[in-house]
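There are 6 protein chains.
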Amino acid sequence: MNNVKQEKTVVTMGEIMLRLTPPEYGKIEQATSYLANYGGGEANVAVSLSHLGHQCCFISKLPPNELGDGAISHLKSHGINTDYIVRGSSTMGFYFLETGFGGRPGKVIYNRKHSAATRMVPSDYDFDKIFSSACWFHLSGITLALSDNTRRTCLAALKAAKEHHVIVSFDFNYRSKLWTIEEARKYYPLVMPYVDVLFASPFDFRKILQFNPDMDDADLMKEALKKYNLKYICGKTRTILSATENEMKAYVFPYDKEPIYTNEYRFQIFDRIGAGDAFASGVIHGLIKDFNNPKKAADYGIANCILKQTIFGDVSTFSESDIEEYLANQGSEEVKR
Amino acid sequence: MNNVKQEKTVVTMGEIMLRLTPPEYGKIEQATSYLANYGGGEANVAVSLSHLGHQCCFISKLPPNELGDGAISHLKSHGINTDYIVRGSSTMGFYFLETGFGGRPGKVIYNRKHSAATRMVPSDYDFDKIFSSACWFHLSGITLALSDNTRRTCLAALKAAKEHHVIVSFDFNYRSKLWTIEEARKYYPLVMPYVDVLFASPFDFRKILQFNPDMDDADLMKEALKKYNLKYICGKTRTILSATENEMKAYVFPYDKEPIYTNEYRFQIFDRIGAGDAFASGVIHGLIKDFNNPKKAADYGIANCILKQTIFGDVSTFSESDIEEYLANQGSEEVKR
Amino acid sequence: MNNVKQEKTVVTMGEIMLRLTPPEYGKIEQATSYLANYGGGEANVAVSLSHLGHQCCFISKLPPNELGDGAISHLKSHGINTDYIVRGSSTMGFYFLETGFGGRPGKVIYNRKHSAATRMVPSDYDFDKIFSSACWFHLSGITLALSDNTRRTCLAALKAAKEHHVIVSFDFNYRSKLWTIEEARKYYPLVMPYVDVLFASPFDFRKILQFNPDMDDADLMKEALKKYNLKYICGKTRTILSATENEMKAYVFPYDKEPIYTNEYRFQIFDRIGAGDAFASGVIHGLIKDFNNPKKAADYGIANCILKQTIFGDVSTFSESDIEEYLANQGSEEVKR
Amino acid sequence: MNNVKQEKTVVTMGEIMLRLTPPEYGKIEQATSYLANYGGGEANVAVSLSHLGHQCCFISKLPPNELGDGAISHLKSHGINTDYIVRGSSTMGFYFLETGFGGRPGKVIYNRKHSAATRMVPSDYDFDKIFSSACWFHLSGITLALSDNTRRTCLAALKAAKEHHVIVSFDFNYRSKLWTIEEARKYYPLVMPYVDVLFASPFDFRKILQFNPDMDDADLMKEALKKYNLKYICGKTRTILSATENEMKAYVFPYDKEPIYTNEYRFQIFDRIGAGDAFASGVIHGLIKDFNNPKKAADYGIANCILKQTIFGDVSTFSESDIEEYLANQGSEEVKR
Amino acid sequence: MNNVKQEKTVVTMGEIMLRLTPPEYGKIEQATSYLANYGGGEANVAVSLSHLGHQCCFISKLPPNELGDGAISHLKSHGINTDYIVRGSSTMGFYFLETGFGGRPGKVIYNRKHSAATRMVPSDYDFDKIFSSACWFHLSGITLALSDNTRRTCLAALKAAKEHHVIVSFDFNYRSKLWTIEEARKYYPLVMPYVDVLFASPFDFRKILQFNPDMDDADLMKEALKKYNLKYICGKTRTILSATENEMKAYVFPYDKEPIYTNEYRFQIFDRIGAGDAFASGVIHGLIKDFNNPKKAADYGIANCILKQTIFGDVSTFSESDIEEYLANQGSEEVKR
Amino acid sequence: MNNVKQEKTVVTMGEIMLRLTPPEYGKIEQATSYLANYGGGEANVAVSLSHLGHQCCFISKLPPNELGDGAISHLKSHGINTDYIVRGSSTMGFYFLETGFGGRPGKVIYNRKHSAATRMVPSDYDFDKIFSSACWFHLSGITLALSDNTRRTCLAALKAAKEHHVIVSFDFNYRSKLWTIEEARKYYPLVMPYVDVLFASPFDFRKILQFNPDMDDADLMKEALKKYNLKYICGKTRTILSATENEMKAYVFPYDKEPIYTNEYRFQIFDRIGAGDAFASGVIHGLIKDFNNPKKAADYGIANCILKQTIFGDVSTFSESDIEEYLANQGSEEVKR
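Protein chains in written order, with this note's numbering: chain A, 1195 to 1531; chain B, 1195 to 1531; chain C, 1195 to 1531; chain D, 1195 to 1531; chain E, 1195 to 1531; chain F, 1195 to 1531.
The hints are simulated quantities; they were obtained by calculation from the structure and are not laboratory data. Check each hint, because a few of them may be wrong.
[As the list claims (entries may be wrong)] Derived DSS-like pairs: lysine-lysine, alpha-carbon spacing no greater than 27 Å straight-line:
#1 E:K1202 - D:K1307
#2 A:K1199 - C:K1270
#3 C:K1323 - C:K1199
#4 C:K1270 - F:K1221
#5 A:K1301 - B:K1323
#6 E:K1301 - B:K1270
#7 B:K1323 - D:K1270
#8 C:K1221 - B:K1221
#9 B:K1270 - E:K1221
#10 C:K1199 - A:K1270
#11 B:K1301 - A:K1307
[As the list claims (entries may be wrong)] Chain D side only, calculated, beta carbon under 10 Å to chain F, not exhaustive:
#12 E1218
#13 Y1219
#14 G1294
#15 F1295
#16 G1297
#17 P1316
#18 P1448
#19 D1450
Cβ atoms here follow ideal geometry from the backbone N, Cα and C, with glycine treated the same way.
Next comes chain A alone, as it looks inside the complex (with noise of 0.2 Å):
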């Protein structure tokens, strides 16, 4: 496959929400005060691909207020356009995050059953239009999960994607606390043609696409590169030691070549919001550098997916240089002064 035109845009697709963290470490339960920001997988992707030299547009709907004024400044600060944003319906999506530390874990409130962005219908957007200027399209499990609306306006998107030639990756993203296992089985699957590069893990095969649960791993990728004519499968693998400390490694496994597979780093984690966005922008960042460099780009994912994690909020905001050097020092540098 040839390389990704550049200069054209990269176009993600899903609910962006309001962020509320005890600050701290704090308890939600005890909390008087909580620090704010903006994320959302696919928003996410956006920004940190924007950082990384891309031209970024996201697709969202979002209400007519103050919370949603908000969000699309964040957006614009790190450069996206997001003149194809929907303002409408009266609710904006939360999420209450209670930060974890050492042997307590992390806990996520969601509130947003009802928010602007599960009304989202394909009439919203031209997306004819979006996609005759984009390179690359970027949508995960998450927007799917949302409504019957999303799913519609997801799988409009990715029609029109395709019939540009657009180059889809897709994150699989399961939650449990959004839908359950048998209701996605009905619509992951309905999103797999169009898919180009798929982030996904075994789990992904074996519980939601229903393959065949015995396979051994490396099987079970190829199988999936074959029956679904996908270009790469990434993931990473992660070793949780506490809440504050995790080893991760990065795998591609590449339609008809061997699996590659990055170092393993153990790592201090700040805010572990995010870090599964990083990884795809770091890939997607090298796959549109070079299309058939997937070392490059696991390397890039796993840079950018630990830098993540060193930083507060759900955005990774590292350019190409920083990501360098950390492959090049493996986090084992002095202050520059």
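Take the given structure of chain A and dock chains B, C, D, E and F to it, following the hints.
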């Protein structure tokens, strides 16, 4: 009418929400953090009456998560009996408050449409038990506005309260962001037959109860007292000099006596949310102490209302001696040292 | 004169600095933390006009470091086009603000003498391209004061603007901490021939443009309008009651009509920095909407100016409806709920 | 021994203080602000047991001012019965905590010598009434150390508890900043005859109860069990790797069975104050559920102890399910979303 | 009387405490954090005089812990000589301040009864050495109120000061939370013979020094000047409009001349603690510069007093030029930029 | 060599800057506030030595504004003599610090190029007077890097120090953001003849002093000791495991004895700025106490260095007993209570 049995419980019923306020008079659009506190009309009345020395019980429905736990912890910290709060449904009600300053008015964004409180149903509560040990029941038009469920629950509670000869106070509290006047007109009249002490303004009688709009204010009050067989109609008039400075006086119209007015006070505002609830609390406190001294009750009401506005949050935590002191000194006191 | 082409861009040019303010009315000498925001005369005008619905472009020079990135992120978050900002030189301009309170006046310490903005040169910018799609150009005397480089750049920009028939507004903004009146006298006269809409006070005409000091204010204005062929001279008079309470009214002197005055407003101040820029923004907004309605423009100017002073930071983020509401209610509004 | 009557109340008695902690690992000498929370050994045990589902009552003396009110509000917010707290004397007990970091140990400065709690006298409390509805009484050596008054009150309470067949637990908690070992030696022996469940270390037996110092730890425990007719001796051993990382395991020595040990855990520390109280709470919870399952009690103790150290403040607010989850996953859990 | 030797040291003696203030006008009962600063009458006078250009020495006793270190660090940071502060005893004096707002008055809770300062004894200090290089000694009734120890130390210091011909100023500062009027009546008279410059109100003469209560204010002053052979009696009258707005004017009664009054000022209050100390400091500064110009001294006093109230904390850090500027502009100044 | 005269003053000279740090490990680009503290190599050494019990004097130049006042107040609060600091020029030096976390390295942005300190000239200081009462002079390569002015001032100071037989220590502290190695090579050799105690690494000898790069480290040290007639060369080696965890050991090479090494310590980092200055301070303290015990000095150095890194800011405020305790316990201590 004889005095209220002070040793019995004051019951209030409604929604308690998480309030999120940008610190330092900030705007919601730019907020990077929020102050968090809990509040809601009838809950605020219970809290203030607890600080004024009464046994109080608050009835509501809250989600079975950490946010619901936080609301209960808040209520308990002020000594409220929370045994009758039902845990269920999945969503906490919220509201965002942008605090006004000088020439810039405050703003509220509600996020409560699908909250647990809107799912309150009569069968959730053993009203017979609750009111058997109660002396007073306070309710407001906000709870009436929430849903058909809450309306049915209000009426069931009012009926039970009356059967137990409990005094009923009701605060009109019409909120245009919750329902239209047309909708409101259907339900307020259903409540009126149960009410003994009413908090309402001429606007409420004209627009919602559809009294003759050309009648003057005093006649309106007299007619209302007679029509609904009320003991007292209470209210306050506020002159808004700026978001941070107001003037206020209170009135009480007794059933068959001359109206009573308090002094007019000019005062500075730190946080005006809950002012009306503090007023109602002060009046109820006065009437529980001496049902036949509406002047004292009005004074307690206005002082509690003004003092509330000097502290952050939705609730008044002032004691009777704080209020007496305010009335004695009109707010012109030295630091106590 | 016909109306301004609203679909075109408003261009402003100058320095944007990092402002550091001790929180809670603290003194710089004892500060252990600072609030940080970005601001600068012409940048503030661009931000406010963006919130008032205009396409805006800000021209400047910023260092190629994280502080420069932060300034650009701030501008983008408000929807400003930053494509023409040059990155170079090594230093960000700063200023420290000690916020006044009551009888204690505010203080500013500048640290901008060697900033990147002082290194702006005409060849950094393709003014021909910039102004070909512009309808308005706004500049202030602060940029003139920075360096010989900025003075040359100002004149090159003004010339190009005029060639493209762009309306030019200029705000005197004389700052004694940046240069002496003697120095200023050399350069303001060079700017005057390009100006259509002037923001200036009688002081400016007498001291800087060296008009006859004995002439009365109105005659001074008339003479200035004639001498420089101005369309409008605008300004405001401020009575400082304390650092936290002022009175203000605005005036516009049209070329050959009677002067226009707004009401006088007494208002409370949360943060007075950027008041003049908000005034200019309001006036420009009014004139872009209807160049022949200076009364409306003056009202927009004074209301935007007062509202700005109710929020933290250098910029007004108010919409036209916020401003209309202020003018309608004179700041005496209820919380909206 | 039969199981404890769970429907009855757990009573604890002691001092609750205001704790003042410089934020962000700051030093007291340079502090410009302090975080404030309330805590004290026996009060912390009551709070944790309340979160573990027990009815709890805390006995103490507090000054009749806003600081005393704050302590009571804290206790109530956690559901503690505060009806038996006497208000009197004029001074609140405080302590300042400098939180350690890495190689720098924490420090405590007490200011409690003349506190209201030191004035507790037996006649302040109706112990007969208090213990008639109690199932468990917990006390610690800290209360013993405060004053002759508290010592007399402790003995009166212990006596009453025994008369009502209430289980008594006692935590040695020797504090060298409160009294010398010589002083302590006089009073601990007076308490021992009342104790059923003892929290103590070999150090305590050797130094304070003056057992033969050459006996090995296990023999010491056996002798102590026999000598004082104890049901269980419980404790934990801590290896301090740094102020922010420790290792810990717990033990229980039953009267006539083999000692029981938990796993050893390595864990990160956010705030280590109250660790011992959380351990005692976990053990007591286990024994109340099943007095004959000391292994489960020890596990609850160690997990509650470690979880406490991941949150700010003196108290554990974890539920049984949080603790079970920790034991199942050893702290290696994903964010729940 | 000749002028004071300015090159010599101003000595003050008393207690310096840690002050703890809930932020943002919060109430103590709900506080989750406190702002911390150091203050105390005579210490505040030393700090302000240091900022006004004088060599200052503060005499006290502080505990040998980090809190005592913090107090010394505070004093040193303002240039005070702390060489004569004795370290001993174990407890720091504290006070909690609830800042008033509008109609809600401030509150103070003292925790100083057993503080190190109450243990000051004459033998702790080499007064002969201290006063041999001094020009002025300032003391207040607060130190007199602390304990028998401090009273003996005050008298020893006063005696030594007089022997070295040092000017003595004394501020009545009667505090009802420290002692009763009956107790105070025993000790103030012992101090009077040493005083040259007295800060006192008619109340003080009538109630504490037991002058004829029916005498009018001016006669009272004259009699007092004569009776105690005072050079000046100084004071201020404050009208409390609200906790955040006051009016104030100052007076000086010279020994045998007509009384002098300053203008009356209306001003806004950020933090009123230390206002009286700032007044005394301003007056003392004026008298040190020119002992025969009480008008100037009174103006310095009132301006320093008002400026103090615009900043947080107990101390005035204003310079003479800040004060002169205030007097010239009456607080109506522009931001300086 | 005989011991240093401890009763005399330690003099250090250089720049002290305002440091601005985004709180909570935040990035500069997104910062909305900064923590502020003062620091600079030689100033930090003076502060630490003051806490270790020495009379210290810091020589510098600071702007005559509130920022300069703040720096002086900081120095005074730590007991430093600031009498020889000249006030002049208009600009404070700053630096912005982005604190690293885990795999993300810290970053520094300097803003000091035109600061007052760069304008220090020899005639600003009476070095003869300054060094007549001094026992030690400490300087670093940072001051050398600032400007031609500072270089001339350094040499004048060194010359005067030597004339007064003051021990001179010098820390290479090469900073690539201030000058190139080529520039540095011209000036370091001019300093070497004055130095007694040198803080330097093999890198410094090879790259800056241009020793034979192939020589091994120990030979390099020996040659340097001989060539420059040094008493001691001291240094530390750091292994960066992450931005928040390091390993470190120190070495001292005496003139004609075997090198001395400390233990290697693994430690956690809260704030690593000023680590080198704390190391130098510890070593200097050791040598002042006993010039012939370099082992003790190295231990003091490494312990002070590690302890510094557990607190916020540029300075170590630890006492000798804190350091001794660290060395005794290796950082594994209990909370002291």
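For each hint, the structure was consulted:
Among the hinted pairs, K1202 of chain E with K1307 of chain D is inconsistent with the structure: their alpha-carbon atoms are about 41 Å apart, more than 27 Å. Straight-line distance between C-alpha atoms of K1199 of chain A and K1270 of chain C comes to about 25 Å, which keeps the hinted pair within the 27 Å bound. Of the supplied pair hints, the one linking K1323 of chain C and K1199 of chain C holds, its CA atoms being roughly 17 Å apart against a limit of 27 Å. The straight-line distance between the Cα atoms of K1270 of chain C and K1221 of chain F is roughly 18 Å, inside the 27 Å bound, and the hint therefore holds.
Taking the CA atoms of K1301 of chain A and K1323 of chain B, the gap is near 37 Å; set against the 27 Å cutoff, the hint is violated. Taking the CA atoms of K1301 of chain E and K1270 of chain B, the gap is near 25 Å; set against the 27 Å cutoff, the hint holds. The hinted pair formed by K1323 of chain B and K1270 of chain D meets the criterion: a straight-line CA distance of about 24 Å does not exceed 27 Å. Distance restraint check for K1221 of chain C and K1221 of chain B: the Cα-Cα separation of roughly 25 Å lies within the 27 Å cut-off, and the hinted pair is therefore satisfied.
Between the alpha carbons of K1270 of chain B and K1221 of chain E the distance comes to roughly 18 Å, so the proposed pair stays at or under 27 Å and holds. For a cut-off of 27 Å, the pair hint linking K1199 of chain C to K1270 of chain A stands: about 25 Å separates their Cα positions. For a cut-off of 27 Å, the pair hint linking K1301 of chain B to K1307 of chain A stands: about 24 Å separates their Cα positions. Interface restraint check for E1218 of chain D: the shortest CB-CB distance to chain F comes to about 7 Å, inside 10 Å, so the restraint holds.
Proximity of Y1219 of chain D to chain F holds as hinted, the smallest CB-CB distance being about 6 Å (cut-off 10 Å). For the restraint placing G1294 of chain D at the interface with chain F, the shortest Cβ-Cβ distance is roughly 7 Å, inside the 10 Å limit, so the hint holds. Interface hint at F1295 of chain D: satisfied, since its Cβ lies 4 Å from the closest Cβ of chain F, which is below the 10 Å cut-off. With a least beta-carbon distance of about 3 Å to chain F, the hint placing G1297 of chain D at the interface is held under the 10 Å criterion.
Given hint, P1316 of chain D at the interface with chain F, is violated; its Cβ is 28 Å from that chain's nearest Cβ, farther than 10 Å. Against a cut-off of 10 Å between C-beta atoms, the interface hint on P1448 of chain D is violated, since the closest Cβ of chain F lies about 28 Å away. The beta carbon of D1450 of chain D comes no nearer than 33 Å to any beta carbon in chain F, farther than 10 Å, and the hint placing it at the interface is violated.
Of the hints listed earlier, those the structure fails to meet are numbers 1, 5, 17, 18 and 19, in rising order.
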